[in-house]
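Asker: Residue-level listing of the chains:
There are 2 protein chains.
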Amino acid sequence: MRISPLLVDLYEITMGYSYFKHGKNEPATFELFVRKFPKNRNYLVSAGIDDIIDFLLDFRFTPDDIDYLRSLNMFSEDYLEFLAGMRFTGDMYAVPSGEIYFPGEPVVVITAPRIQAQILETALLNQFNFQSMIATKGARVISAARSRACVDFSPRRDHGVDASIKVAKNTYMVGFMGTSNLLAGKIYGIPVFGTMAHSYVMSFESEEEAFRTFAEDFPNTTLLIDTYDVLEAARKVIELVKQGYRIKGVRIDSGDLVSLSRKVREMFRQHGLELLIFLSGDLDEYAIDSLLKNGAEVDAFGVGTRLGTSADIPYLNGVYKLVEDESGPRVKLSPGKVTLAGKKMLYRVYENGMMVRDIIALSGEKIENAEPLLVKFIEGGRPVREDSMEEGRRRFREAFASLPGHLKAIYEVEDRYPVYLSQWLREVMSRFGVNIERIQ
Amino acid sequence: MRISPLLVDLYEITMGYSYFKHGKNEPATFELFVRKFPKNRNYLVSAGIDDIIDFLLDFRFTPDDIDYLRSLNMFSEDYLEFLAGMRFTGDMYAVPSGEIYFPGEPVVVITAPRIQAQILETALLNQFNFQSMIATKGARVISAARSRACVDFSPRRDHGVDASIKVAKNTYMVGFMGTSNLLAGKIYGIPVFGTMAHSYVMSFESEEEAFRTFAEDFPNTTLLIDTYDVLEAARKVIELVKQGYRIKGVRIDSGDLVSLSRKVREMFRQHGLELLIFLSGDLDEYAIDSLLKNGAEVDAFGVGTRLGTSADIPYLNGVYKLVEDESGPRVKLSPGKVTLAGKKMLYRVYENGMMVRDIIALSGEKIENAEPLLVKFIEGGRPVREDSMEEGRRRFREAFASLPGHLKAIYEVEDRYPVYLSQWLREVMSRFGVNIERIQ
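Residue numbers (my numbering), protein chains in the order written: chain P, 213 to 652; chain W, 213 to 652.
Rather than coming from a laboratory, the hints here were simulated on the basis of the structure. Quantities reported herein were computed from a predicted structural model and do not represent experimental measurements. Heads up, a few of these hints could be off.
[As the list claims (entries may be wrong)] Below, in silico cross-link-like pairs of lysine-lysine (DSSO-like), each with a Cα-Cα straight-line distance of 30 Å or less:
1) Lys475/W with Lys236/P
2) Lys448/P with Lys460/P
3) Lys454/P with Lys251/P
4) Lys251/W with Lys460/P
5) Lys233/P with Lys460/W
6) Lys454/P with Lys233/W
7) Lys398/W with Lys251/P
8) Lys233/P with Lys454/P
9) Lys248/P with Lys448/P
10) Lys454/W with Lys233/P
11) Lys549/W with Lys248/W
12) Lys236/W with Lys454/P
13) Lys460/P with Lys460/W
14) Lys398/W with Lys233/P
15) Lys251/W with Lys505/P
16) Lys251/P with Lys505/W
17) Lys544/W with Lys448/P
18) Lys398/W with Lys448/P
19) Lys236/W with Lys398/P
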């Protein structure tokens, strides 16, 4: 789905107008970075770079958009004409989707004529902040679930249509097995899952009739067993299997999931059955962690509301700041809100296959024995590389495997991952009176 | 923007298939309601009914959608053909956008052949849960701000594109002055606001040059005065006004907003200037309430992240349940999750212009001296009434004026608004063994 360049705060367009009138349109570099960790996070996952690339390559106000801007009676005809002809002609580097990053690190770097670069801000942040927040949340859920499968069940509580498909996309990227959302399944080719709701069971005279009918219609299915009495329903399922019905598993969506899942597993074991147990209902990484610590018997989780809204922290404070223009490196020095000056590059040092530290350097500076993390996706307005969900899925798997184990905790750890400033960057910052060696 | 019927959980389509195979497609009634108040809420605001109407009237799987469903290898050709021809042919009642409602009350009532009614669930909930959550959050912000103007600044943290425009729409509906979001401005005709960011000020040699340039380009504008030193910047603004520049006001986005706003107001007073003071930066109803209680001098608020994500509670637990089918009223009796049986009507009793209690009744039951709240929008698949944002704006203003004052608090009150069951509804529920007179 195309993102309109009108997804923009008015002030970007008014600032652009002032720059336009005064001929201030030299190339400038803006960087997107997250100021600090949301609560309980020890790492962040890049996401949505694919949508940002599409947005930049397709950037174009329609005649309708220009008519709308004209109707505001704020801008001259020559500025409107300038906007109508505006395309993205700059360079874009980013940490690819699925890669792990940390606060303070440049994740998207845009170099373009100042007005272009400025006007992109709102849409870039809208997509990155949301998608990275969800990818990070999904990674936490996957981590809490250990090797058990997770499925996105969130569409009914996600914040609208765009949110619903991108929750599915980004949770799949970080290792979810799939989603219940068919729109996301169609758009992204993500595996889809789902069988029945309580209303189905209630639509029949008896639970047994509902189970039998559904198992006939969908061989190898999962039956929902908590509409009335879970253990009674489990007995009916065992009976059906003995009668020759092919049933893959059961889902429990309410009640004491630890105790119920253990009892149901025990019943299945007594009958020599290897049915899967699927748990759902108000789950997130904290609930899953607690279920497993308390001995729940479970093969897969359905995770909805609290995943799709990142309910414990429903936003990521990514910002997009001017770091360099025709007069050189720029900083903002408000207390607690220091911006690192200059167009930058980001490097990661690995030892024995594990990531050990990141280094934020200046563009052009050489860092030995470190892997660059910022990849050039667009050069002079032309695509030079793609960012795909499938690649993101592989990339996340590798990145997560190289992340030190203690950082995978779902609560904040004291021993944060180290992010250093390079020698050149330290020197630039010291010129602004800021002496800083390490971000976190 | 059209909402695809593929915004649906797979299980709706699998259940539909089973109903289809067994000829279970008699008319059924499903109702959307919220189970309980999110934390600190004492009322809820209906919203998104316009989008639900559009979705229902335009309901139609495209050939592409059908191809996608076919590719899942789960469904027969005759079912796919049935889905391809499916249109919404039922009735839809709803509490119109902008009206106040309470947990337990039916807000959207759908009567349609069972498969249709079932398949609508996900999209209906996706739109209603999110939009009503935002309208309610916006109402709380408006209430905390008393008579001061509020503007939506949230697009950069909203959950995607659809979220961003609907945050603007629903906050405008509950009394916001407008939004920074031009896409929402264009689509809904909402007033748009915005002037400059810190990066603009930083793009000039001096703050004074930035202010002068911007004031020339945009007469009667608002200048952002916290890039460097707020009081110093305020002195520059006063100087510019004395030189004849027309400046409407100033915005402060960081620092101690109470103390800074008071000092700036005092400076303006000393020079006999009536400039407006605009405050922004991490605001929500709690922060605004605290600012005003502590004596901040402010004429308008810019409210962003915590508004657009409803950060204190980022979801609304609306559900959509079968309440009646060919075999009569239906209930789900799980502990803590009782569904009120039967197709219903909702009434409100007013005394001296104030709302005093609501009554949930059965459809067809006559309630004296009470106003019906559920309006018929669609009959037999045809529109019989519109739900517009402008009407919603008027409706909210009237509804909020009639809401007892103590319920406008931003924290939970003990004395909840009373919602009763009618005599007929109590009788139906008692047949299911549930004796209940009042919801809250």
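Asker: Now, for every hint given, state plainly whether the structure supports it.
Answerer: Hint check results:
no.: 1; hint: Lys475/W with Lys236/P; verdict: violated, 34 Å
no.: 2; hint: Lys448/P with Lys460/P; verdict: holds, 14 Å
no.: 3; hint: Lys454/P with Lys251/P; verdict: violated, 50 Å
no.: 4; hint: Lys251/W with Lys460/P; verdict: violated, 39 Å
no.: 5; hint: Lys233/P with Lys460/W; verdict: holds, 21 Å
no.: 6; hint: Lys454/P with Lys233/W; verdict: holds, 25 Å
no.: 7; hint: Lys398/W with Lys251/P; verdict: violated, 36 Å
no.: 8; hint: Lys233/P with Lys454/P; verdict: violated, 80 Å
no.: 9; hint: Lys248/P with Lys448/P; verdict: violated, 52 Å
no.: 10; hint: Lys454/W with Lys233/P; verdict: holds, 25 Å
no.: 11; hint: Lys549/W with Lys248/W; verdict: holds, 10 Å
no.: 12; hint: Lys236/W with Lys454/P; verdict: holds, 28 Å
no.: 13; hint: Lys460/P with Lys460/W; verdict: violated, 68 Å
no.: 14; hint: Lys398/W with Lys233/P; verdict: holds, 24 Å
no.: 15; hint: Lys251/W with Lys505/P; verdict: holds, 28 Å
no.: 16; hint: Lys251/P with Lys505/W; verdict: holds, 28 Å
no.: 17; hint: Lys544/W with Lys448/P; verdict: holds, 20 Å
no.: 18; hint: Lys398/W with Lys448/P; verdict: violated, 57 Å
no.: 19; hint: Lys236/W with Lys398/P; verdict: holds, 28 Å
Violated hints for the displayed structure, listed by number in ascending order: 1, 3, 4, 7, 8, 9, 13, 18.
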